[in-house]
Amino acid sequence: MTTLAPPPAVTEYANTVRHHLSGLDAETLDELTGGLEADLAEALAERAPDGDAPDLAAVTAVFGSPADYAEELRVAAGVELPDSPGSGRPPLRTLLARQVAALADDWRRWRAEHRWADETARFVVSLRPAWWLLRGWILFHLVTGLRNPFFGSGLDLLLLLALVVASVLWGQGRIGQRRWWRRLGMLATAVALVAVVPVLGSVYNRVVLHDADGYSDGYQHGYSDGQWAGGEANGLSGSPANLFVYDAAGKPVEQAQILDQDGNPVVLNNPTTGGSWADWDGYEWNEEPVPSSVLDSGPLNVYPWAYVGSGQLTWSGDGVVGTGTTEPDEPRWPAASLFPIDGGDPEPDDATDPNEATTGDEATDTPSDDPADEDASAATPTEEPTAE
Amino acid sequence: MDTTQLLKGVLDLAVLAAVDREDGYGYDVVRRLRSAGLADVGDASVYGTLRRLYAAGALTSYVVPSEEGPHRKYYGITPQGRTSLQHQRKQWGEFSQTMSDLLEGRAA
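Note that the protein sequences, when read in sequence, are chains G and E.
Quick note, the first sequence lines up with residues 1 to 388 if you use our numbering.
Quick note, the second sequence lines up with residues 1001 to 1108 if you use our numbering.
Worth flagging that the hints you see were computed from the coordinates, not collected in a lab.
It cannot be assumed that every hint is accurate.
Computed, partial: chain E to chain G, Cβ under 10 Å [what the hints assert, rightly or not]:
| hint | residue |
| --- | --- |
| 1 | L1011 |
| 2 | Y1025 |
| 3 | R1051 |
| 4 | W1092 |
No residue lacks a Cβ here, since even glycine has one placed at the ideal position from N, Cα and C.
Produce the complete structure using the sequences and hints provided.
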């Protein structure tokens, strides 16, 4: 078989054919068009053995347009062009979509084959409305957890209702169906799904551990660990501003009443005057916050104290008249809970000797023998039981 | 009826038969088919069919060097291809017999 170099027109034609098939990978392309020039040239030579080298028009006349030739070649070879011309692979999005569709098909088939899977799936689907409610509630907690606790409970309730209703309506498909609203809804759902466990955990902490501020439990423990490590003993000669009582099991005791050895109420000192708050007559201009029980003449030895900022007080010539409409600040417990005392018993009636040096962790462990020290639930026989 | 339509169904068989008789490269097979009477067969169709049969394992291929020009890729038949050819030959025989009977009024 004698073959000369193919005529330029043939080369050009062949290259055009290759161009039309450029979407294919290199190997396939070579298989299809490897000997193309030679084949074309040979075919032409047979038709016109003595003629001059044909031009492109002549080649096209014999074989058809390069596009048609490429198409015929491709079809006969059973080769598909990829989706986007000029690239070897479909875009990532298409690939992902195909995978997802394949998974969905697999799931559907599996469901059809296994009765229990089908039943379970139906049951879960029927719970969707309950999920909408939960989603709204969770979003509410996420939103309120982030913001400054400033608005108070009225606005909170409105917000909760709004979020829950929005969640249900969106789930039913009655609102927010346009593109960006849909995306927002899907994002919110994803966030809510992720946050289910943490929010439930945090709510549990708040409810069970009376952590009114909503400080995270972790922060509380970290903070109290810091206290324990370097905690200084605040004897009453120092000036603690508040007392926080925990029982032997480490649980906070709200509204603890504290007496000294003579049965006198233990009252903390006013830092401005240096004297006891019990002696405060309302005349001193206090930059410091004032305990609310001092203002409303409640019992002064019920701890922890809630303070009112001095800016909230109303003064007259005769001293403090009132607190206006402001609620006192909720006391911030230094720890949501403490570790239980070794061998500690949650029963508050057990007499625990406050003078005993314990090895357990207590927030205010003092080395002195002062029986009026604020230890874990001091129980004297005449005292009412504290805590529940 | 245009013979290209008829040909589409049997091109595989025709190409296999040609290569079975003798190994050949692309245009070689085209030439043989044409001279056997299939005047309308398109070059591109034959080349594409050769490639498809090769991909399916019915044909093998090898390159033959040439001093005077480009190396040519030759196709040869494989045992699998031979089996397939036998099978299709039989099918074709039955089919064409059926068609002939039908056309000549012999079928019921």
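Looking back at the hints listed earlier, which ones does the structure fail to meet? Violated hint: only 4; rest satisfied.
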